[in-house]
Amino acid sequence: MTEDLKNEIPSIDIRIDKDGVWYYKGNEMIRKDILELFFQSLDIDQQGRYLIKKDQETFYIEVEDVPFTVISIEPASNEKEGAMSFNILLSDQSVEKLDPTTLRQGEENVLYCSIKNKRFEARFTRKSYYQLAEYIQYDRENDRYFITINDSRYNISSK
1 MTEDLKNEIP
11 SIDIRIDKDG
21 VWYYKGNEMI
31 RKDILELFFQ
41 SLDIDQQGRY
51 LIKKDQETFY
61 IEVEDVPFTV
71 ISIEPASNEK
81 EGAMSFNILL
91 SDQSVEKLDP
101 TTLRQGEENV
111 LYCSIKNKRF
121 EARFTRKSYY
131 QLAEYIQYDR
141 ENDRYFITIN
151 DSRYNISSK
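At position 16 of the sequence shown (counting the first as 1) the number is 16 in UniProt numbering, and the numbers step up by one without a gap.
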């Protein structure tokens, strides 16, 4: 057996659809404990392919768009500093502070941001998109959307 064949990583019939729903052999995965384990074991290789790495086993999985979704967004303020930010609830049930410098608009006006120390991308659900849309403004002169947080303007780039 060649070294290349030994190091080849197999695929497993796990798929994440564009809405962040996980499937195994075509059936929706609903057990929260298993989903939590898979989210914790999720990785991305240098070619941008997603894998599950657990103990000594590694498998590629199919991801239709991105593996995470932003379920909801909530404004947060730091009364001490008078600063405003946004907390985002992700599909793995974790909460992170939104990094507005990573906001991007994709096809069909779908909004994305970087998460997990910019390791992964998350797709905004319709609900979270509309929650953030209240704060998005349009600059006619430069034909671009932006959000202002703490007197700083963050342009929303195209993906």
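A few of these clues could be false.
[Said to hold, decoys possible] What follows is a list of derived Cβ distance ranges for each label pair:
no., residue 1, residue 2, range
1, N142, Q93, 19 to 25 Å
2, D139, E28, 17 to 23 Å
3, T148, K18, 27 to 33 Å
4, K127, R153, 22 to 28 Å
5, N150, R104, 31 to 37 Å
6, L89, E64, 32 to 38 Å
7, E141, R104, 34 to 40 Å
8, A76, S41, 37 to 43 Å
9, D45, K159, 43 to 49 Å
10, S158, M84, 21 to 27 Å
11, Q137, Y24, 40 to 46 Å
12, E8, T148, 28 to 34 Å
13, S157, K25, 21 to 27 Å
Simulated from the structure, these hints should not be mistaken for lab results.
Every value quoted in this text rests on a predicted model; they were computed, and no experiment measured them.
Heads up, the beta-carbon is just placed ideally off N, CA and C, and yes, glycines get one too.
May I ask which of the numbered hints given earlier this structure violates, with the numbers listed in increasing order?
1, 2, 5, 6, 7, 8, 9, 12 and 13
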